[in-house]
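Since the structure of chain Z is provided, determine the placement of chain A on it from the hints.
First to last, the protein sequences are chains Z and A.
Position in the first sequence (first residue = 1) + 8 = the numbering used here.
Position in the second sequence (first residue = 1) + 8 = the numbering used here.
Among these hints, one or two may not hold up.
Chain copies aren't distinguished; within one or between two, either way the pair holds.
Computed cross-link-like contacts, EDC-like style, restricted to lysine to aspartate or glutamate with a CA-CA straight-line distance of at most 16 Å [as the list claims (entries may be wrong)]:
| # | residue 1 | residue 2 |
| --- | --- | --- |
| 1 | K204 | E221 |
| 2 | K124 | E91 |
| 3 | K188 | D95 |
| 4 | K79 | D66 |
| 5 | K183 | D95 |
| 6 | K79 | E58 |
| 7 | K170 | D134 |
| 8 | K163 | E184 |
| 9 | K161 | E119 |
| 10 | K233 | E193 |
Think of the hints as simulated: they come from the structure by calculation, not from any bench.
Keep in mind it's a predicted model, so treat the numbers as computed, not measured.
Number of protein chains: 2
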Amino acid sequence: MSLIVLGTVALDTVKTPHGKKTNMLGGSAAHFSMAARFFIPVNLVAVVGEDFPSEHIDFLRRKGIVTASLKKESGRTFRWEGEYHGDMNAALTLNTELGVLSAFHPEITDEQKKMKYIFLANVDPDIQAKLLDSIHSPKLVALDSMNYWIKHKQKSLLKLLKRVDIFVANDAEAKELSAKHSLFEAAVALRKLGPKMIVIKKGEHGVLFYSDELSFSLPAYPVRKLVDPTGAGDSFAGGFMGYLAKAQAVNKKTIKKAVGYGTVIASYNVEGFGLERTSGLTLKEINSRFAAYRNNLIL
Amino acid sequence: MSLIVLGTVALDTVKTPHGKKTNMLGGSAAHFSMAARFFIPVNLVAVVGEDFPSEHIDFLRRKGIVTASLKKESGRTFRWEGEYHGDMNAALTLNTELGVLSAFHPEITDEQKKMKYIFLANVDPDIQAKLLDSIHSPKLVALDSMNYWIKHKQKSLLKLLKRVDIFVANDAEAKELSAKHSLFEAAVALRKLGPKMIVIKKGEHGVLFYSDELSFSLPAYPVRKLVDPTGAGDSFAGGFMGYLAKAQAVNKKTIKKAVGYGTVIASYNVEGFGLERTSGLTLKEINSRFAAYRNNLIL
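One chain only, chain Z, in its complex shape (with noise of 0.2 Å):
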């Protein structure tokens, strides 16, 4: 059994209060598949410039992810610019060039086309429909988005969602797609959207997950140094699905223990910058984390 992941690739360059990383290798389907590799193979689907090191796309090979699907094209990679002030809750676009993600149509191998476990991470929801259609039977779709795409693309997104299993999204994300104050409120309403369940990311306060027969929230793990928020939310995700791609069953129990190995690795994403914590990681270091958050959860 495996995972493939649809998404960005990209250089990022990222000033918090502790620093400054520039063209860090970065990207929702980067720090997604950096998470889900603990618990099953990873297929990752992105594109890339010609500027792109190769040195990452061997990084990424070396950490286990199959890259077959990463595509190179003429032109620039995708980067993104942004800083983190204060509580570090939000993160300050400065810039963002698309380059070759502009126009992207991802392909993928016929063994790809038989994967069970989709995750269609943030890019573009024609280009997320277009690998979704490609896939022979899905078993299980998740789908991340963001603002931008909920307000210039949301006819595209709110098809989308109708096909999909799990949406992901941020608390700002759910509050603007389904207009509610409450989040709530905003989960059954994307309920009611298409998808059976709602998982809503609230950065440091944790997650709340939505579903007709079962719903909770769980807390982020307290982080003592908070150095780079920059991928957390897809280092949850990644995560989140690598455990229930593993599990091959989505129960009660199975989906809080995923929640729960999101919620950890999120924690580790955030005490560095970019990368840099998650790809080190080991699944001691993750299983004990996630034994002392589990342990702290008993009342």
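What follows is chain A alone, placed relative to chain Z:
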């Protein structure tokens, strides 16, 4: 064993998207007492004016709250008027009338002076200190405050913090007093001001607990219909402190259960205006929701 709480008894006028209520029984000590009474006899120390309806006092007594030190003085009762909009995370204060509160000198009975569990709910820190002076040998003292005293009586507040075991604050107050952006760093800084235990209330995002030996976050109980958040923090504190006083032990296990009970009672509190919901509750309902809450946290 019983508990003593100093704070306000008020007439609240509150407008939320669910309606408007005028001159409801409210105040920090009233909300606290209504929650704590499920665990332990509660002695309320507060002041009201001549205009205070005697049926409110009868009502508190019928709920088992000891009103021997609820003083009635010439002048008007403390009044608060506020509105909630949007996600209702913060109140917009329209009017505050201190009335008899401005010259309040708490006086308690000889029996009350022997009490061991003390909760100093939000009033002027000099009044809080005065009450604490009159307690012979307190066993567990907890303190709540608010932004007004942090700004205008910080010296008194800092002095008082050295005399208490537990400091209960909301997220904005914790950040303001500690001058930290992250709540975890705020908790660490507040610990250094004296109190061994720091409890940061994050509203719909739950609670962060911090001590040298133990730190954890717990989520709020997901509320389907948020009617009026007024008094949620005081209800939490009442459940928390009431449970600890009943348990007569402060350790990892009782602290977590106390946070859980506080969380559950606060979740009931916000489902109705003022004391509507908490005053009609049974311990059976509380235990039932506590069981659901605890169960949802098992990973």
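Original post:
Against the structure shown, which of the earlier numbered hints fail to hold, in ascending order?
Top reply: 2, 9
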